[in-house]
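If you read the sequences in order, they're chains A and B.
In terms of our numbering, the first sequence has 42 at position 42, counting the first letter as 1, and numbering is strictly consecutive.
Each position in the second sequence, counted from 1, maps to that position plus 100 in our numbering.
If you are wondering where the hints come from, they were derived from the structure by calculation, not from laboratory data.
Quick caveat, the model's predicted, so the values are computed rather than measured.
There may be inaccurate statements among the hints.
Now the stretches of chain A that chain B is said to cover, found in silico as 3 or more residues with beta-carbon under 8 Å [to be verified]: (1) 19 to 29; (2) 38 to 46.
Stretch by stretch, here's where chain A covers chain B in the computed footprint (C-beta under 8 Å, at least three residues) [what the hints assert, rightly or not]: (3) 118 to 127; (4) 137 to 144; (5) 160 to 170.
With a cut-off of at most 16 Å between alpha-carbon atoms, the simulated EDC-like pairs for lysine to aspartate or glutamate come out as follows [claimed, not checked]: (6) B:Lys140 / A:Asp15; (7) B:Lys102 / A:Glu35; (8) B:Lys134 / A:Glu43; (9) B:Lys111 / A:Glu43; (10) A:Lys40 / B:Asp173; (11) A:Lys34 / B:Glu148; (12) A:Lys34 / B:Asp147; (13) A:Lys11 / B:Glu145; (14) B:Lys140 / A:Glu43; (15) B:Lys140 / B:Asp115; (16) B:Lys134 / A:Asp47; (17) B:Lys119 / A:Glu43; (18) B:Lys134 / A:Glu55; (19) A:Lys34 / B:Glu155; (20) A:Lys40 / B:Glu143; (21) A:Lys34 / B:Glu143; (22) B:Lys140 / A:Asp73; (23) B:Lys102 / B:Glu143; (24) A:Lys10 / B:Glu143; (25) A:Lys19 / B:Glu145; (26) B:Lys111 / A:Glu45; (27) B:Lys140 / A:Glu72; (28) A:Lys34 / B:Glu145; (29) B:Lys149 / A:Glu35; (30) A:Lys40 / B:Asp115; (31) B:Lys175 / A:Glu43; (32) B:Lys110 / A:Glu43; (33) B:Lys134 / A:Glu48; (34) A:Lys40 / B:Glu172; (35) A:Lys49 / B:Glu135; (36) B:Lys119 / A:Glu45; (37) A:Lys19 / B:Glu143.
Beta carbons: idealized from backbone N, C-alpha and C, even for Gly.
Number of protein chains: 2
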Amino acid sequence: MKVSTIVTLKKDVLDPQGKVVHQALNGMGFNNIKEVRQGKYFEIEIDEKDKKKAEEKAEEMCKKLLANLVIEDYKIIGSQ
Amino acid sequence: MKVSTIVTLKKDVLDPQGKVVHQALNGMGFNNIKEVRQGKYFEIEIDEKDKKKAEEKAEEMCKKLLANLVIEDYKIIGSQ
Chain A
1 MKVSTIVTLK
11 KDVLDPQGKV
21 VHQALNGMGF
31 NNIKEVRQGK
41 YFEIEIDEKD
51 KKKAEEKAEE
61 MCKKLLANLV
71 IEDYKIIGSQ
Chain B
101 MKVSTIVTLK
111 KDVLDPQGKV
121 VHQALNGMGF
131 NNIKEVRQGK
141 YFEIEIDEKD
151 KKKAEEKAEE
161 MCKKLLANLV
171 IEDYKIIGSQ
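Build the full structure now, drawing on both the sequences and the hints.
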């Protein structure tokens with residue numbers, strides 16, 4: 001099972017990286033952008049055939065290593 | 101419209117960052133992981149009510165700035 005997860009900064013946390021991307025896009029002529037926020041994406045291939053178990057494992061990994069829960073949120077977006 | 105996109109390294113491109121995460125997870129006792137690959141996630145809020153148009157704009161941004169198409173792939177994963 002390959003589990004896809006996303007780690008993003010919480011809404012109230014400043015995202016300078018996203019801001020730079022926003023400015024760069026503006027400079028290239030993309031004018032109707034309100035906001036850009038950047039996050040991390042992880043594709044974890046787990047040796048586990050059960051979808052639910054694999055996602056639980058991935059969630060545990062997010063909690064313990066991939067996300068800093070003080071300032072970040074994580075989300076399992078799918079598995080196949 | 102808020103469009104979510106993912107930028108990942110192509111399959112044949114080495115991903116040292118993912119490898120480090122893999123090793124770290126192994127060291128924490130997660131033993132049945134086959135592979136970890138890391139990518140970038142962008143949430144772009146566009147001032148555009150039409151879903152299709154917003155996604156087209158986001159795709160253009162991916163092609164022109166967010167992804168390096170020589171070594172990376174991009175994917176629009178949703179919009180709301």
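Note to self: Can you confirm whether the C-alpha distance between lysine 119 of chain B and glutamate 43 of chain A stays at or below 16 Å?
What the structure shows: 11 Å, holds
Margin query: Given the hinted pair lysine 134 of chain B and glutamate 43 of chain A, is their Cα-Cα distance within 16 Å?
Written below: 11 Å, holds
Check: Does the alpha-carbon distance linking lysine 40 of chain A and aspartate 115 of chain B stay inside the 16 Å limit?
Finding: With a Cα-Cα distance of about 14 Å, the restraint between lysine 40 of chain A and aspartate 115 of chain B holds, given a limit of 16 Å.
Check: If you look at each residue in the segment 137 to 144 of chain B, do at least three have a Cβ nearer than 8 Å to any Cβ of chain A?
Finding: holds (count 8)
Checklist line | Distance restraint between lysine 110 of chain B and glutamate 43 of chain A, which requires alpha-carbon spacing of 16 Å or less | finding: With a Cα-Cα distance of about 13 Å, the restraint between lysine 110 of chain B and glutamate 43 of chain A holds, given a limit of 16 Å.
Item checked: lysine 34 of chain A paired with glutamate 145 of chain B [C-alpha distance capped at 16 Å] -> With a Cα-Cα distance of about 5 Å, the restraint between lysine 34 of chain A and glutamate 145 of chain B holds, given a limit of 16 Å.
Note to self: Tell me if the straight-line CA distance from lysine 11 of chain A to glutamate 145 of chain B falls inside 16 Å.
What the structure shows: 13 Å, holds
Next item on the list: For the pair we were handed, lysine 111 of chain B and glutamate 43 of chain A, check the Cα-Cα distance against 16 Å.
Entry: Holds, at roughly 12 Å.
Notebook entry, point to check: Are the Cα positions of lysine 140 of chain B and aspartate 115 of chain B separated by 16 Å at most?
Noted result: 12 Å, holds
Notebook entry, point to check: Are the Cα positions of lysine 140 of chain B and glutamate 72 of chain A separated by 16 Å at most?
Noted result: With Cα atoms ~15 Å apart, lysine 140 of chain B and glutamate 72 of chain A stay inside 16 Å; holds.
Next item on the list: Could you grab the alpha-carbon distance between lysine 102 of chain B and glutamate 143 of chain B and see if it respects the 16 Å cut-off?
Entry: 6 Å, holds
Check: For the segment 160 to 170 of chain B, do at least 3 residues have a Cβ located nearer than 8 Å to some Cβ of chain A?
Finding: holds (count 5)
Consistency with the previously given hints is maintained throughout, with no hint failing.
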